[in-house]
Structures are given as structure tokens and as C-alpha cells.
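Student: Mapping to the numbering used here: the sequence shown position 26 is 491, numbers consecutive.
These are computed hints drawn from the structure, not numbers from a lab. Since the structure is predicted, the reported quantities are computational estimates derived from the model, not experimental observations. A couple of the hints might just be wrong.
[Stated by the list, open to error] Restricting the straight-line Cα-Cα distance to at most 30 Å, the calculated cross-link-like pairs of lysine-lysine (DSSO-like) are:
#1 Lys-886 - Lys-914
#2 Lys-800 - Lys-524
#3 Lys-730 - Lys-777
#4 Lys-765 - Lys-783
#5 Lys-854 - Lys-550
#6 Lys-811 - Lys-895
#7 Lys-777 - Lys-859
#8 Lys-582 - Lys-544
#9 Lys-771 - Lys-794
#10 Lys-783 - Lys-914
#11 Lys-895 - Lys-783
#12 Lys-654 - Lys-854
#13 Lys-919 - Lys-686
#14 Lys-692 - Lys-611
#15 Lys-591 - Lys-919
#16 Lys-783 - Lys-794
#17 Lys-771 - Lys-859
#18 Lys-582 - Lys-524
[What the hints assert, rightly or not] Derived CB-CB ranges, DEER-like:
#19 Asp-937 - Met-572: 36 to 42 Å
#20 Pro-528 - Lys-582: 16 to 22 Å
#21 Asn-889 - Phe-942: 19 to 25 Å
#22 Glu-863 - Glu-693: 43 to 49 Å
#23 Pro-945 - Phe-921: 36 to 42 Å
#24 Glu-669 - Asn-889: 38 to 44 Å
#25 Tyr-539 - Phe-921: 49 to 55 Å
Backbone N, C-alpha and C fix where the C-beta goes; we use that ideal spot for every residue, glycine too.
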Amino acid sequence: MILFFTIFVILHIHFAHGANILAITTLLSPSHHLFHDVYLLELAERGHNITLLGHDEDKHGHPNYTHIVMEGVYNQMRKSFDLMKMKDMSDWETIKSLWSYTELTCMMDFETQGLQKIIEYPSGFKFDLIIWDINNGQCLFPLIDKFGRPPVIYINPFLNQPNTFKNVWQSYIPFMTHTHTDHMTFWQKIKTTFFNILLEITREIYLIPRQQELAESHFGKLNFTIKEIERNVSLMLTNHNPVFNYVEALPPNIIPIGGLHIQPKPLPEDLKAILDESKHGVILFSLGSNVRCQDLDDDKIQAILKTFSKLKQDIIWKFGHDKISHISKNVHIRKWVPQNDILAHKNTVLFITHGGLLSSHEIVYNGVPVIGIPFFLDQLQNIGNFVAKGIGLKLEFEDITEDNFYNVIQEVLNNKSYSEKVKNLSVLYKHRINTPLETVVYWMEYILKFKTAKHFNLSTRDMNLIDVGNLDIILFFSLPFLLFFIIFNCAFYYIFKFLYKSSNLKKTKVS
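Turn these sequences into a full structure, and let the hints steer you where they fit.
Tutor: If you want it as C-alpha cells, here you go:
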């Protein structure tokens with residue numbers, strides 16, 4: 466009987482083939498690292514061998530998860546590039562800064578021992594799949610060639626980019642730094658379309674050639690172009706959920722996985738006690754992982770503290786520096802907080818945030834009203850979306866005073882419409898067929914199995930902007946009208962000239 470049972474178990478064990486997967490995430494953002502960590506850990510749990518090349522330290526030590534750190538780049542970038550200056554930039558200056566940031570990251574990555582370590586992998590070593598954070602690091606595309614050109618999946622923790630698979634002509638989606646909604650005026654549509662096209666053109670004529678140049682300076686002459694690699698990317702998984710993000714007409718090779726990073730966990734005991742025992746509710750205040758507290762003006766910090774001292778609610782403030790003082794009893798300072806798990810607690814009544822996209826998804830998922838204080842990039846659009854959906858208010862950091870901050874907080878706390886609307890969105894947000902994590906794992910294992918997703922590709926991938934936007938067709942149909950207009954004006958001019966001369970001639974004869 467025991468022998469029969471043993472044979473039965475052996476015959477019914479599911480032997481999963483563990484694939485070798487390389488993930489490359491070169492965007493400098495601790496929160497984005499957490500986003501990637503969720504699905505990479507799940508893939509490791511499913512028996513796949515994961516190698517991550519990035520900038521953040523390994524904190525879990527999973528046996529199937531090898532983490533190669535490109536060391537020191539965070540500190541170098543903080544000295545060379547001030548994100549806070551982007552707050553006051555024009556759209557054109559923002560685009561230039563994005564390309565400058567990408568170029569700087571590449572040059573700093575080239576100097577790391579971490580990158581050198583993966584370059585020195587044996588020449589015959591192969592990965593079965595490469596996962597690439599779309600937002601940075603095309604100068605490292607030679608690694609794709611080095612490891613045998615396996616299938617590549619883009620993953621995007623940010624807003625969808627107009628250059629993704631030539632998805633440019635979307636006049637109904639605001640440019641990333643614009644605060645108006647998808648219901649735009651004529652001039653807003655012109656502005657949005659102009660900057661989306663400008664972003665794509667400058668990417669094509671400057672960024673990609675520069676990335677090619679940087680790649681060849683480090684890896685030697687390449688037998689391929691970065692554009693060729695991009696054209697062969699299988700599909701993209703993007704941090705998008707139409708309940709919060711603006712609704713987009715996405716092709717089948719762009720898969721929405723909004724809220725992937727939201728994985729509920731138990732609260733630490735000290736924070737749990739604060740939340741459980743709060744009589745009037747808790748306000749969470751966090752400006753994210755990229756806004757450094759030591760860069761904030763002292764007068765603003767004092768205005769915030771004085772405002773908090775007037776409130777009956779408890780405040781949990783993520784503040785990553787020791788320079789704060791004169792703290793009232795209802796304010797609890799922490800250098801790090803489990804943001805989503807605090808938002809999930811029933812006693813959390815308000816979230817004051819910078820409006821990053823990951824935080825935005827947590828707000829809607831947990832149904833917590835919001836006050837948004839934007840600093841740069843997509844935070845402006847996200848907070849504009851909060852206001853448009855009626856789930857919160859926007860407050861510029863420069864406008865924070867003791868009275869102003871207090872009044873905005875009281876408005877959101879006392880006007881129940883904000884809470885009701887965000888709770889309604891939360892129900893819709895959670896109601897889906899599969900979880901984002903299940904979706905990610907499904908598509909990654911789909912590509913591992915079939916090696917491609919070309920059957921999902923739009924033909925726009927191989928078109929230029931003129932073809933994608935039907936500019937040639939528009940010109941074709943416009944030409945007859947243009948010719949008619951020219952001929953009509955010429956005829957009118959010569960007729961008028963003839964009549965004028967005739968009139969003058971008659972006057973001359975009469976005189």
C-alpha cells in the first residue's frame with residue numbers, strides 16, 4: 466500500500482521547468498524596485514531562476530533570486546541631478562531633463578562593478594527571457610545580444626508613454642505634466658499633441674542615437690541598432706487601471722497590470738497600536754521616496770507641524786531625516802512606513818501625498834480621500850486626476866501656510882463626498898477577473914512557452930509618424946481643396962486686376 470501511494474504521488478507531481486530570467490531595472494527609484502520585486506519573487510517561488518540587475522539592495526535573500534547591484538549610482542545621481550528643480554520646468558525643459566537623466570544614468574552604470582560582473586558571465590550563458598523597465602537603460606541593450614537575444618518583455622511602472630509601439634496620436638490623453646483631464650479644449654489638445662510628438666521626435670533623433678553611441682563606447686561596435694531591438698520586444702506590461710488612469714485604446718500587446726505592487730501585509734506592532742487606538746482617525750503624510758526631507762524649507766516644515774498640532778486626528782509622517790523638532794503628541798514620525806498597509810486600515814481617514822503613480826493606485830484600491838502636493842512629472846497629471854474624479858484636492862507646496870494647509874485638510878475631512886467617491890472607485894478597482902500578479906505571471910510564462918507575441922503586434926510598430934498619424938492621407942485629400950483655393954485666389958486676383966485696369970482706362974478716356 467505504501468509503495469503504491471509513493472508511486473502515485475511521484476506520477477502526479479508537477480515538474481515545472483525553471484527558466485533563467487534576467488530583469489534589468491535602471492530607473493533610480495526605491496518604490497519602483499518594490500514594484501518589480503513583487504513579480505520577480507513570485508517567479509522565483511514558481512521555480513524560475515531570477516537575476517536582477519539594478520541599483521537597490523537585496524532584502525529577501527531568496528535562493529532562486531540573484532541580485533546584482535550597480536553600486537553607488539544613487540549617491541552620484543543626487544550630486545549631479547536635482548529632481549526638485551523639475552517642479553518649475555516648462556514641458557520642453559522637462560523633456561530635455563528626462564533625456565539628460567537617462568544619459569547620466571548610463572554613464573554612471575558603466576562605471577559600476579555590478580555591470581562588469583554580468584558582462585563577465587560566460588559567453589555561452591543564455592537567459593530564456595529578459596524583462597526590461599522601459600523607462601531607462603537602452604544603452605545596456607548589448608546585454609540582450611550577449612545572452613542570445615531571448616524574448617524581451619517591457620514593464621512600465623509609470624504612465625503609458627506615447628512612444629510605446631508608436632502609440633503617439635492620442636490627443637485625448639494629457640501630456641504627462643499637464644493637469645487638465647482627458648476632456649480637453651481645442652488648445653489643450655494642440656498642446657498635448659505637440660508635446661507628445663516632440664517627445665517622440667527628440668527620442669528618435671537624439672536619445673536613441675545617443676544611447677547607441679554610449680553603448681558602442683562601452684561594449685564596442687555593435688552589429689545591431691537599438692531600434693532593431695525595440696522593434697522585436699514581445700509585449701509590454703503597464704501600471705494602468707482604467708478605474709483610475711485615463712481610459713486608453715491599448716493594443717493587445719500592451720497589458721494593464723495596475724496595482725501590481727499592492728500586496729497586503731500585517732502592520733508592525735507600533736503602527737498597528739497607533740491606528741487601532743486612534744479615537745478620531747489617522748492621517749498619513751508621505752512625499753514618496755524621491756523627495757528628500759532635508760531638501761524641504763524649514764518654514765514649510767514648521768507650518769506643517771503647526772497645522773498638525775491643531776488637529777484632533779493622529780498623524781503618521783514619513784520623514785527620512787532627523788532635523789525635525791517641536792513635534793506635537795499626535796504626530797508620529799517614521800523614516801519608513803508600510804504605506805499601503807496603513808491606507809488599508811479602517812481608521813485611516815486621509816492621505817497627504819506627492820501623487821506618485823504607485824501611491825495613486827494605493828489610494829483608489831484602499832478608498833482613502835487625498836490631498837495631493839505635486840513636485841514633478843506624472844505627479845501633476847495624477848493629482849489632476851484626483852481632483853477631476855472628486856476624490857481629493859490639490860495643494861502646491863509653495864502655497865502651504867498654517868492656515869491654508871489647515872483649511873484644505875478640514876475641507877477633505879468634513880466634506881463626505883470625497884470619501885464616498887473614492888470608496889465607490891475602490892469597489893470598481895478591486896472587481897477584476899485576475900489579480901495583477903496573476904496577469905503578469907501568466908504573460909511572462911506565455912512568452913517563455915511561445916517565445917514571441919508577434920501575432921499581437923500592430924503594424925504601426927514598423928511605421929513612421931507620418932504613416933501612423935495618416936498625415937499622408939490627410940495631405941492627399943487636402944491637396945484638391947488647397948489647389949482649388951490657390952486657383953480661386955489667383956483667378957480672383959487677376960479678375961480684380963483686370964477690372965481695376967479697365968476702370969482706370971475708362972476714367973482716363975473720359976478725362
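Student: Are the hints correct? Go through all of them and say.
Tutor: Cross-check of the supplied hints:
1. Using a Cα cut-off of 30 Å, the hinted pair Lys-886 and Lys-914 is violated, with the two alpha carbons roughly 42 Å apart.
2. Between the alpha carbons of Lys-800 and Lys-524 the distance comes to roughly 17 Å, so the proposed pair stays at or under 30 Å and holds.
3. Taken as a hint, the Lys-730 and Lys-777 pair is honoured in the structure, with Cα atoms around 28 Å apart against an allowance of 30 Å.
4. Note on Lys-765 and Lys-783: the hinted pairing holds, with a Cα-Cα distance of about 15 Å set against a maximum of 30 Å.
5. At roughly 29 Å between alpha-carbon atoms, Lys-854 and Lys-550 fall within 30 Å of each other, so this suggested pair holds.
6. About 17 Å separates the Cα atoms of Lys-811 and Lys-895, which keeps this hinted pair within 30 Å; it holds.
7. Distance restraint check for Lys-777 and Lys-859: the Cα-Cα separation of roughly 22 Å lies within the 30 Å cut-off, and the hinted pair is therefore satisfied.
8. Between the alpha carbons of Lys-582 and Lys-544 the distance comes to roughly 25 Å, so the proposed pair stays at or under 30 Å and holds.
9. Among the hinted pairs, Lys-771 with Lys-794 is consistent with the structure: their alpha-carbon atoms are about 12 Å apart, no more than 30 Å.
10. A distance of roughly 43 Å separates the Cα atoms of Lys-783 and Lys-914; the hinted pair therefore is violated under the 30 Å criterion.
11. The straight-line distance between the Cα atoms of Lys-895 and Lys-783 is roughly 27 Å, inside the 30 Å bound, and the hint therefore holds.
12. The suggested pairing of Lys-654 with Lys-854 holds, with an alpha-carbon distance near 20 Å, which does not exceed 30 Å.
13. For the proposed pair Lys-919 and Lys-686, the alpha carbon gap of about 28 Å is at most 30 Å, so the pair holds.
14. Distance check on the hinted pair: Lys-692 and Lys-611 sit about 17 Å apart at the alpha-carbon level, within 30 Å; holds.
15. Restraint check for Lys-591 and Lys-919: satisfied, since their Cα atoms lie roughly 22 Å apart, inside the 30 Å limit.
16. Distance restraint check for Lys-783 and Lys-794: the Cα-Cα separation of roughly 16 Å lies within the 30 Å cut-off, and the hinted pair is therefore satisfied.
17. Note on Lys-771 and Lys-859: the hinted pairing holds, with a Cα-Cα distance of about 20 Å set against a maximum of 30 Å.
18. Using a Cα cut-off of 30 Å, the hinted pair Lys-582 and Lys-524 holds, with the two alpha carbons roughly 20 Å apart.
19. One distance hint, 36 to 42 Å for the beta-carbon pair Asp-937 and Met-572, holds here, with the actual separation near 39 Å.
20. Distance hint check for Pro-528 and Lys-582: the Cβ-Cβ separation is about 19 Å, which falls inside the suggested range of 16 to 22 Å.
21. In this structure the hint that Asn-889 and Phe-942 lie 19 to 25 Å apart at CB is violated, the actual value being about 45 Å.
22. A hinted range of 43 to 49 Å holds for the C-beta pair Glu-863 and Glu-693, which are about 46 Å apart.
23. Checked against the given bound of 36 to 42 Å, the beta carbons of Pro-945 and Phe-921, roughly 38 Å apart, stay inside it.
24. One distance hint, 38 to 44 Å for the beta-carbon pair Glu-669 and Asn-889, holds here, with the actual separation near 42 Å.
25. Our hint of 49 to 55 Å for Tyr-539 and Phe-921 is violated, since their Cβ atoms are close to 36 Å apart.
When each numbered hint is compared with the structure, violations occur for hints 1, 10, 21, 25.
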